[in-house]
Amino acid sequence: MIMELIAAIEQGNAAKDNEDWVHVSQDLVLVLDGATARTDTGCVHGVAWFVGELGRAIVDRASQSSLAASVAASIPYVAGLHPECDLSHPGTPSAAVGALRIRGDVVEHLVLGDVSVALDTGDQVRVITDERVSRTASAERAEADRHPIGAPAKSEALLRMKQQELAARNRPGGYWVAETNPAAVDHALTGQTHLDQLRRFAVLSDGAARAVAAFGLYDWGGALELMQAAGATELIRQVRAAERSDPQGIRWPRNKCSDDATAVFGLISG
Amino acid sequence: MADHGSTCDLSDPLSPGAAGAIVRVREDRIDWLVVGDCAVVIDQGPKGCTSVIDDRVDHLHNAPIVEGQVRTYSPAYVATVRNKPGGFWVLASSPDVAEHALVGMLPGSPAATQVLLCSDGISRLTERYEWSWKDVLALHGSAGPESLIRAVREAERSDLEPQRWRGKRHDDATVVVMRVTDA
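Top to bottom, those sequences are chains A and B. Per the working numbering, the very first residue in the first sequence carries number 1; after that it's consecutive. Per the working numbering, the very first residue in the second sequence carries number 271; after that it's consecutive.
Careful, some of the hints might be misleading.
Said to hold, decoys possible - Lysine to any residue pairs mimicking SDA-like chemistry, simulated, CA-CA at most 20 Å apart:
id: 1; chain 1: B; residue 1: 438; chain 2: A; residue 2: 2
id: 2; chain 1: A; residue 1: 16; chain 2: B; residue 2: 451
id: 3; chain 1: A; residue 1: 16; chain 2: B; residue 2: 381
id: 4; chain 1: A; residue 1: 16; chain 2: B; residue 2: 404
id: 5; chain 1: B; residue 1: 438; chain 2: A; residue 2: 3
id: 6; chain 1: A; residue 1: 162; chain 2: A; residue 2: 139
id: 7; chain 1: B; residue 1: 354; chain 2: B; residue 2: 279
id: 8; chain 1: A; residue 1: 16; chain 2: B; residue 2: 448
id: 9; chain 1: A; residue 1: 16; chain 2: B; residue 2: 298
id: 10; chain 1: B; residue 1: 404; chain 2: B; residue 2: 384
id: 11; chain 1: A; residue 1: 256; chain 2: B; residue 2: 426
id: 12; chain 1: A; residue 1: 16; chain 2: A; residue 2: 44
id: 13; chain 1: A; residue 1: 16; chain 2: B; residue 2: 383
id: 14; chain 1: B; residue 1: 438; chain 2: A; residue 2: 1
id: 15; chain 1: A; residue 1: 16; chain 2: B; residue 2: 380
id: 16; chain 1: A; residue 1: 16; chain 2: B; residue 2: 449
id: 17; chain 1: A; residue 1: 16; chain 2: B; residue 2: 379
id: 18; chain 1: A; residue 1: 16; chain 2: B; residue 2: 354
id: 19; chain 1: A; residue 1: 16; chain 2: B; residue 2: 294
id: 20; chain 1: B; residue 1: 354; chain 2: B; residue 2: 344
id: 21; chain 1: A; residue 1: 256; chain 2: A; residue 2: 2
id: 22; chain 1: A; residue 1: 256; chain 2: A; residue 2: 12
id: 23; chain 1: B; residue 1: 404; chain 2: B; residue 2: 316
id: 24; chain 1: A; residue 1: 16; chain 2: B; residue 2: 297
id: 25; chain 1: A; residue 1: 16; chain 2: B; residue 2: 299
id: 26; chain 1: A; residue 1: 16; chain 2: A; residue 2: 45
id: 27; chain 1: A; residue 1: 16; chain 2: B; residue 2: 316
id: 28; chain 1: B; residue 1: 354; chain 2: B; residue 2: 333
id: 29; chain 1: B; residue 1: 438; chain 2: A; residue 2: 4
id: 30; chain 1: A; residue 1: 16; chain 2: B; residue 2: 295
If you are wondering where the hints come from, they were derived from the structure by calculation, not from laboratory data.
Can you build the whole structure from these sequences, using the hints too?
See below:
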């Protein structure tokens, strides 16, 4: 079996830290997307630090444990790295997680939050994506979407949206992400696929999945085809081009012009 | 080491080892470490590009090559030169290797427009197939990292005499490129 793995990660805003994080090796693909902080967080380290520590902790554990067990063990481990911060703060750093782990002939996947995993078995593309976060704060989200990016009313609406989102974070009926409570992992979307049934796959943060979900440039099969032909960087390049064509978010209402974007593509052959 | 020290003989001169290339990008500088046959290429745009490549394994004095299906050094010979002064260095069981790695720093904000790291599966393009690093960067710039892997495979497949090289016809190939964009 030969596997070609291609990963691209690009900051959405050069003036800010990249809050996406990626790991790629022959038996583990891991994409983390730290949640944008719009409120106080109670943490002096910041979201980029949190995703880096969480990502490295998951990688360390995934050589021995399932993805769910690795993520569940990493959450309290990272909390233990900064006990001086107020970890009970409602805005404490959090991250969405998308992962694939290959053990023998089994491909295990985990999605916690809005990172997407696409599995192409030849006859179908199975997409695992958790849209629960975008079903929270719907009135506030609709209000934020009414305003162009950069307008003061947009920022105010986004702050109100964030406060509503945070109130639903890691709560039954809300949405689930990695922050301080390992029980969130019980709500992750997990499953397994036989390696010999898998032709290709992708793991995308929502900043890259905009190509499909928000902008509709491609369906999932088309996005996989593009990455196979022209690479993961090309998918992100096209997302950026679409964003530049609509900098104020009029055609495609969104929270910010460009988000940090990560795309990993895997091709299995032979 | 601690993970397998109790079950494996880490004093074996052929204990598993690996080449490595690490680049750390800071606001005002780039640091690198290269050990074994990985490469770092620092592109400074109009100022040109600089490569850091640890090819000591290719310049061993009077190294006996075993001619077989694949030309190679014998394990017995490797045991006498691996991680030994005057030989070549890889990341194995002794931290002393860090003293023998190629390390350096380039100041600047940013210090480079892009930095490429690769395993020797990719640097075959320059070592075997007469590419310049500029060619490598240019192909990457126009067609992305996967195009470099495809170029290696194409060069290997059209190599009429692959047995003239030390090492296997196709090797695992990894390339990472960090591009610095304007703030």
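Hint-by-hint comparison with the structure:
no. : hint              : result
1   : 438(B) <-> 2(A)   : 16 Å, holds
2   : 16(A) <-> 451(B)  : 13 Å, holds
3   : 16(A) <-> 381(B)  : 19 Å, holds
4   : 16(A) <-> 404(B)  : 31 Å, violated
5   : 438(B) <-> 3(A)   : 18 Å, holds
6   : 162(A) <-> 139(A) : 12 Å, holds
7   : 354(B) <-> 279(B) : 18 Å, holds
8   : 16(A) <-> 448(B)  : 17 Å, holds
9   : 16(A) <-> 298(B)  : 16 Å, holds
10  : 404(B) <-> 384(B) : 12 Å, holds
11  : 256(A) <-> 426(B) : 45 Å, violated
12  : 16(A) <-> 44(A)   : 16 Å, holds
13  : 16(A) <-> 383(B)  : 18 Å, holds
14  : 438(B) <-> 1(A)   : 18 Å, holds
15  : 16(A) <-> 380(B)  : 16 Å, holds
16  : 16(A) <-> 449(B)  : 16 Å, holds
17  : 16(A) <-> 379(B)  : 16 Å, holds
18  : 16(A) <-> 354(B)  : 45 Å, violated
19  : 16(A) <-> 294(B)  : 18 Å, holds
20  : 354(B) <-> 344(B) : 16 Å, holds
21  : 256(A) <-> 2(A)   : 39 Å, violated
22  : 256(A) <-> 12(A)  : 9 Å, holds
23  : 404(B) <-> 316(B) : 11 Å, holds
24  : 16(A) <-> 297(B)  : 13 Å, holds
25  : 16(A) <-> 299(B)  : 18 Å, holds
26  : 16(A) <-> 45(A)   : 14 Å, holds
27  : 16(A) <-> 316(B)  : 27 Å, violated
28  : 354(B) <-> 333(B) : 14 Å, holds
29  : 438(B) <-> 4(A)   : 19 Å, holds
30  : 16(A) <-> 295(B)  : 15 Å, holds
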